[in-house]
Amino acid sequence: MKARVTVTLKPGVLDPQGRAIHHALDGLGFAGVAGVRQGKLIELDLADGTTEADVAAMCQALLANPVIETYRIELA
Amino acid sequence: MKSAVVVFPGSNCDRDLAVALHEITGVAPVMIWHRDTVLPQGLDLIALPGGFSYGDYLRSGAMSARSPVMRAVVDAAGAGRAVLGVCNGFQVLTEAGLLPGALMRNAGLDFVCRDVALTVANSQTAFSARYDTNETIRIPVAHHDGNYTADEDVLDRLEGEGRVVFRYAEAVNGSARDIAGIVNTSGNVLGLMPHPERLIDDALGGSDGRRLFEGLVAALG
Numbered sequence: 090m091k092a093r094v095t096v097t098l099k100p101g102v103l104d105p106q107g108r109a110i111h112h113a114l115d116g117l118g119f120a121g122v123a124g125v126r127q128g129k130l131i132e133l134d135l136a137d138g139t140t141e142a143d144v145a146a147m148c149q150a151l152l153a154n155p156v157i158e159t160y161r162i163e164l165a
Numbered sequence: 004m005k006s007a008v009v010v011f012p013g014s015n016c017d018r019d020l021a022v023a024l025h026e027i028t029g030v031a032p033v034m035i036w037h038r039d040t041v042l043p044q045g046l047d048l049i050a051l052p053g054g055f056s057y058g059d060y061l062r063s064g065a066m067s068a069r070s071p072v073m074r075a076v077v078d079a080a081g082a083g084r085a086v087l088g089v090c091n092g093f094q095v096l097t098e099a100g101l102l103p104g105a106l107m108r109n110a111g112l113d114f115v116c117r118d119v120a121l122t123v124a125n126s127q128t129a130f131s132a133r134y135d136t137n138e139t140i141r142i143p144v145a146h147h148d149g150n151y152t153a154d155e156d157v158l159d160r161l162e163g164e165g166r167v168v169f170r171y172a173e174a175v176n177g178s179a180r181d182i183a184g185i186v187n188t189s190g191n192v193l194g195l196m197p198h199p200e201r202l203i204d205d206a207l208g209g210s211d212g213r214r215l216f217e218g219l220v221a222a223l224g
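Residue numbers (the numbering used here), protein chains in the order written: chain A, 90 to 165; chain B, 4 to 224.
Looking at chain A on its own, in the form it has when it is part of the complex (with noise of 0.2 Å):
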């Protein structure tokens, strides 16, 4: 089984990167963009049987700073 692991920066937290591809992309000539925020997509391998709760220790633990960072996660 795979899991997919989506980790974004927590509302309110500034993201420089996502601003600059912002400005990028008012530069490029694209309108209407509120605003962009970049995140990290994790895909994990998984032994059959691995939980959600499993994953989201995995996060916890390492994949995300919960200090900065919020995640979601998708079982496939």
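Partial chain B-side listing against chain A, Cβ under 8 Å, derived:
no., residue
1, Arg62
2, Ala65
3, Arg69
4, Met107
5, Arg108
6, Asn109
7, Ala110
8, Leu112
9, Thr152
Source of the hints: derived by calculation from the structure; they are not laboratory data.
These figures come from a predicted structure and were not determined experimentally.
Even glycine gets a Cβ: it sits at the ideal position worked out from N, Cα and C.
Starting from the structure of chain A, add chain B where the hints point.
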């Protein structure tokens, strides 16, 4: 004073730190590999060096903070041992939970590598005792991820408790409240982005960093 420098894969300021400690304490520090699980007996100071440990994979300092040696460092810090984290060492200390907050990508996205003016915000710590409060000093920085971030209440608490030790006196990286260095609640763990070990000799451009180590020698023997 007996000191140790932890070496992670990708550390690159470990030898600079060792030279500074050797010269100023008179004793060569013990170099500790990150896979070691036990620290030498009788250490007064554990120093985490600058560099790009693990290539900054995942987040700066994230992998090193989970290295085997860090369990021993966390225990030693809890027992009151002095711990100094410079640059990547500061990032490791926040990732390990020894200091609050996080160090994010510089606001200008640039790698900043130059001497910067710092204000000593609190000279009442073992790390800053040889400076005067509100004194301006110059210390080099060399980092990409030095933009200090924490919740507003954490920032208020750091300031209220005098735990902001060094502040940038000029725009450097977008750090909240211009924070360049902080201590933990008991004052025995300091993390700072600037590199005092790079400025310990006037022949190499200045010696403002030297007093940080001299203060530690005075405090720790």
